[in-house]
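*Asks:* If you count the sequence shown from 1, position 45 lands on 45 in the UniProt record's numbering, and the numbers rise without skipping.
Keep in mind that the hints were calculated from the coordinates and are not lab data. Among the clues, some could well be false.
Pairs of lysine-lysine, DSSO-like flavour, derived with a Cα cap of 30 Å [to be verified]:
#1 22 with 10
#2 10 with 59
#3 52 with 22
#4 52 with 10
#5 15 with 66
#6 15 with 59
#7 10 with 66
#8 52 with 15
#9 22 with 59
#10 66 with 52
#11 22 with 66
What follows is a set of in silico ranges between Cβ atoms, one per label pair, in the way DEER data are often shown [said to hold, decoys possible]:
#12 46 with 68: 33 to 41 Å
#13 68 with 11: 24 to 32 Å
#14 26 with 50: 24 to 32 Å
#15 16 with 68: 16 to 24 Å
#16 69 with 11: 30 to 38 Å
#17 54 with 24: 13 to 21 Å
Ideal Cβ placement from N, Cα and C applies to all residues, glycine included.
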Amino acid sequence: MLLFDFVHPKLILQKLVEHLLKRIEASLRRELYYWHAYYDRRLPPRITALLKLEEFVAKFMSMCRKNFGNRKYV
Numbered sequence: 001m002l003l004f005d006f007v008h009p010k011l012i013l014q015k016l017v018e019h020l021l022k023r024i025e026a027s028l029r030r031e032l033y034y035w036h037a038y039y040d041r042r043l044p045p046r047i048t049a050l051l052k053l054e055e056f057v058a059k060f061m062s063m064c065r066k067n068f069g070n071r072k073y074v
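Construct all of the structure, not just a fragment, from the sequences and the given hints.
*Replies:* Below, the structure written as structure tokens:
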């Protein structure tokens with residue numbers, strides 16, 4: 001609904017990244033910064049930005065899944 005209220009997609013992405021950075025391990029931060037820059041440059045200004053934001057969230061979930069999958073529990 002934020003995009004329908006004319007909140008700029010880059011602001012949504014920035015706030016999402018700020019929120020995620022507070023909650024992830026240090027080992028994932030560098031990769032999150034990389035993908036934030038990647039999607040920030042490619043984010044379209046209109047409603048199609050919703051697809052790119054969704055793609056960013058899916059990429060983040062994939063990063064987390066890989067990170068948790070590499071852990072060995074003893």
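*Asks:* Against this structure, judge whether each hint is valid.
*Replies:* Going through the hints against the structure:
no., hint, result
1, 22 with 10, "holds, 19 Å"
2, 10 with 59, "holds, 17 Å"
3, 52 with 22, "holds, 22 Å"
4, 52 with 10, "holds, 11 Å"
5, 15 with 66, "holds, 24 Å"
6, 15 with 59, "holds, 16 Å"
7, 10 with 66, "holds, 26 Å"
8, 52 with 15, "holds, 15 Å"
9, 22 with 59, "holds, 18 Å"
10, 66 with 52, "holds, 21 Å"
11, 22 with 66, "holds, 19 Å"
12, 46 with 68: 33 to 41 Å, "holds, 35 Å"
13, 68 with 11: 24 to 32 Å, "holds, 29 Å"
14, 26 with 50: 24 to 32 Å, "holds, 30 Å"
15, 16 with 68: 16 to 24 Å, "holds, 20 Å"
16, 69 with 11: 30 to 38 Å, "holds, 32 Å"
17, 54 with 24: 13 to 21 Å, "holds, 19 Å"
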